[in-house]
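Visitor: Chain by chain, the residues:
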Amino acid sequence: MSGSKVSRRGFIKGILAAFAAVWAAVASYPVYAYVRSYLSGRDSLNELQSDILIGRLADVESQPGKTFRWGKRQGILVKSADGKLKAFDATCTHQFCTVRFNEAENLFVCPCHNGKYNTDGKNISGPPPKPLSELSLVFKDEEVYVKR
Amino acid sequence: MQTEGILNAVSESPERVKWVVSGAHLLITYTGLICAGLIFCSFLTGLLISLPYSGDVRVAYESVSFLSTRISFGWLLRSAHFWSGKFLAPAAAIYLLGLLALNLHKGKGAIGWMTGFLSLVAIAVLEYSGGLLSWNLSNLFAYKAGAAILEKMPVVGGFFASGFSPEVFRSYVSMHIYTMPIFLSGLLAVHIFWAAGNLPRTADNTGSYSFVKAFVVLMAVLQIIAILSVMIPVDMDIKADESLGITPWTKPSWLLMPLFTGMQILSDYIHSGFLMFSALMIIFWLFIPLIDRNAVRLAPGWPFYAGAVVFFAYCILLLLGEIIT
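For the record, the sequence lines run as chains W and E.
My numbering numbers the first residue of the first sequence as 1 and each following residue consecutively.
My numbering numbers the first residue of the second sequence as 1 and each following residue consecutively.
To be clear, the hints were calculated from the coordinates, so they are not data collected in a lab.
It cannot be assumed that every hint is accurate.
Now the in silico label distances, taken between C-beta atoms and shown as ranges [as the list claims (entries may be wrong)]:
1. Glu127/E x Leu53/W: 47 to 55 Å
2. Pro166/E x Lys130/W: 16 to 24 Å
3. Phe215/E x Tyr29/W: 19 to 27 Å
4. Arg56/W x Ala93/E: 42 to 50 Å
If you want the ones that stay clear, here's a sample from chain W, every Cβ over 10 Å from chain E, calculated [as the list claims (entries may be wrong)]:
5. Val6
6. Tyr34
7. Leu57
8. Cys97
9. Ala104
Quantities reported herein were computed from a predicted structural model and do not represent experimental measurements.
For each residue, glycine too, the CB sits at the ideal point set by N, CA and C.
Could you build the full structure based on these sequences and the hints that come with them?
Guide: Written as structure tokens, this is what we have:
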């Protein structure tokens, strides 16, 4: 019956070591899951960072005022006065409503306060204080992309 | 007489002596440990969340969104990075005040004080630059409030006054992810080396009991960060957009509101003279071990003098800038 005695300090150390082991195991799981998830999702991330496909050039040209998702916002396509295809951020520069293309007037019109922009994105009437932001287009293999 | 008796007792049976230190020493020991825990957490989570992060301003927000919503536990690591960063500067400031209060900045402590003080400055720069990286409206608001103050500073103010561009954003990213962490690591390495040889032990002379206490403190710090990260995760907010500017509905989170409001008020009233005075005060406090006449002085080598010359040259430039502008 003369088993080795465990000192109070030794006992506390043991308890702490066990606690640390459990804590480390629990804490390392999110790190493991994160790294694994990151490695398997890298392709989607690359896609996220690449240019956004809007559509085939022929289709896009036949649809003036075509809208598309651009991040969390909307973009809008139009043929400008010189016949070039242009893309703009569809957010009105006045109160940030989304502008629409009015084919009859050949203008962008904001439905909130009737602000108007021409096909070059310039603010021509109503309260908008500045032009629409133009987005860069990229043409690849008969397809139209908007640059991130 | 009593002291003599105690000393005799110590020399007769040293194995029965339990060494303890004053409460003030415990303050710096434990705030130092808390800083170590927070720095460990910041570095580890920062390294992990930098993997999917993009320093391109056009997709920075999307990459943070991807990290927070599409990668398992990404939101948790981002929140842990945020919370550990938020507590680090106050903990480091208390630690440095403790060093001052105990006169540990003097003599051999000059190295410890200066590396500690520069680390606090590096932490402040990391805090400011880090806010901008998630590229949301609240953080752009914070950046602009800070830049409105900093642009009034002669000489370096031009950088902040030059407006915002993808290149400026990239320089902040590079500062936050590479330059400052490397700089801070170097400072901390010197500081820890100094602390190991100069700071008093917290318990008995074997150090074993202090190890247990240190361990408990570190675990508690990490646990608090974990709880905060789960209970109050960092949100995404709206993507920042320079063309939108700062709008009336752009509000920082409730936590940062008092700070940002204060910064806005300051930016309206602050003068470049005050900023210059602040810069001089920072330099004064950095060099206080050398300025303090009561300090047990080291014989500083040429790097000390070179550092001082650089700082004083900067002060003169500030002064000249003030006169010219």
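Visitor: Are the hints correct? Go through all of them and say.
Guide: Hint by hint, here is what the structure shows:
| no. | hint | result |
| --- | --- | --- |
| 1 | Glu127/E x Leu53/W: 47 to 55 Å | violated (39 Å) |
| 2 | Pro166/E x Lys130/W: 16 to 24 Å | holds (20 Å) |
| 3 | Phe215/E x Tyr29/W: 19 to 27 Å | holds (21 Å) |
| 4 | Arg56/W x Ala93/E: 42 to 50 Å | violated (60 Å) |
| 5 | Val6 | holds (15 Å) |
| 6 | Tyr34 | violated (5 Å) |
| 7 | Leu57 | holds (23 Å) |
| 8 | Cys97 | holds (13 Å) |
| 9 | Ala104 | holds (28 Å) |
Violated hints, listed in ascending order, are 1, 4, 6; each of the other numbered hints is respected by the structure.
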